[in-house]
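The listed protein sequences correspond, in order, to chains A and B.
All letters in the first sequence, in the order written, are residues 1 to 167 by the numbering used here.
All letters in the second sequence, in the order written, are residues 1001 to 1062 by the numbering used here.
One or more of the hints may lead you astray.
As the list claims (entries may be wrong) - Calculated cross-link-like contacts (lysine-lysine; reagent style DSS-like; alpha-carbon spacing at most 30 angstroms):
(1) A/K2 to A/K48
(2) B/K1007 to A/K145
(3) A/K132 to B/K1005
(4) B/K1007 to A/K164
(5) A/K2 to A/K76
(6) A/K108 to B/K1007
Hints are computed from structural coordinates only; laboratory data are not their basis.
Being a predicted model, the structure only gives us computed values, none of them experimental.
Spelled out from the first residue to the last, the chains are:
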Amino acid sequence: MKVHLRVFVEVENLGKAMNALTDAGITGFYLLEYKGMSPQDWKGFSIKEDPKSAISLIRDYANDAMLICCVVEEEKTDEIVESVMKAMEGEKYTILEVPIRRIIVNYKAEDKERAETWLLEKEVPCFYCGEKAVQRIRIDLNKAKIWCTNCGAARYYLIKGVEKEEK
Amino acid sequence: MAVKKWKLEKSASCYNCGDATIHDVEVDEYSIKIRCRDCGFSRYYTFHMVDLPVKSDTDDEK
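Bound conformation, chain A alone (with noise of 0.2 angstroms):
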C-alpha cells in the first residue's frame, strides 16, 4: 500500500522539511502555498461574518505555512517521517500520514501530442480584397482557417472524413 505524506511546517523552515524528504527518498512531490492557524491560537475566537472581517482576520492573524505533499511506500513512511522528524527538531509542524486506496494515473493521449496545428503561408491575390499578400492558413485536426493579412477575410473549412491508402 502506499501513504500519502502531508508534511505541514512554517515557510521559513520549508527549505530544511525538503531536504529531510529528499535525503530519505522521496521521487517526487508538490507544494502548496497557504495560511493558517492552529488550534491552541484559533481557541476561543469568534469572528463577524461579513466577508471583510473574514478576510482581514485571515490576513492579520493567520500564519503564512507550506503543504508537502508525497506519495510513498507504506514500508518507507517510517523511515522518511524519522529524517523529517530529525531535521525538524524543535521547529513547529504537523505530519499527516493518508493511506491511499487506490491511484489512477491517467497519461496524455498519444494522438492529441500529434495533433499539433499547422500553420502555412501563401502570397497570392486575396480573394476578397484582390491584394496581392499574405494569406495565412491555419489547419487543426479537425478545422482550417485561411485568412488574408491585408483585409482579414477568412474562410473556414471542417473536417469532413479521412481516407487511409490500401499499400
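Start from chain A and add chain B according to the hints.
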C-alpha cells in the same frame, strides 16, 4: 472571385503513421486535402463559412 488551387508542403509528424514526413496540402476554394507522402493517409476538409470584413465604403455589406 474564383480561387486557384494552391499546392503547399508541410513537414510534420503524420497523424496516421507517426513518422516525420512531408505532407502535400492542396487548398481549393471549397476543399482542403492533406496527404502524407509516406503512408498516403489523407484528411479532407470542406468549406464551412466565410467571414468578411466590413468595407468602409459599403458599411452595410458584410
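Here is how each hint holds up against the structure:
1. A distance of roughly 42 angstroms separates the Cα atoms of A/K2 and A/K48; the hinted pair therefore is violated under the 30 angstroms criterion.
2. Using a Cα cut-off of 30 angstroms, the hinted pair B/K1007 and A/K145 holds, with the two alpha carbons roughly 16 angstroms apart.
3. Annotation: proposed proximity of A/K132 to B/K1005 holds, straight-line Cα distance about 16 angstroms (limit 30 angstroms).
4. For the hint pairing B/K1007 with A/K164, the CA-to-CA distance comes to about 21 angstroms; that is within 30 angstroms, so the pair holds.
5. Of the supplied pair hints, the one linking A/K2 and A/K76 holds, its CA atoms being roughly 9 angstroms apart against a limit of 30 angstroms.
6. Between A/K108 and B/K1007, the direct Cα distance comes to roughly 33 angstroms. Violation of the 30 angstroms bound is thereby established for this hinted pair.
Hint compliance for this structure: hints 1 and 6 are not met, and every other hint is.
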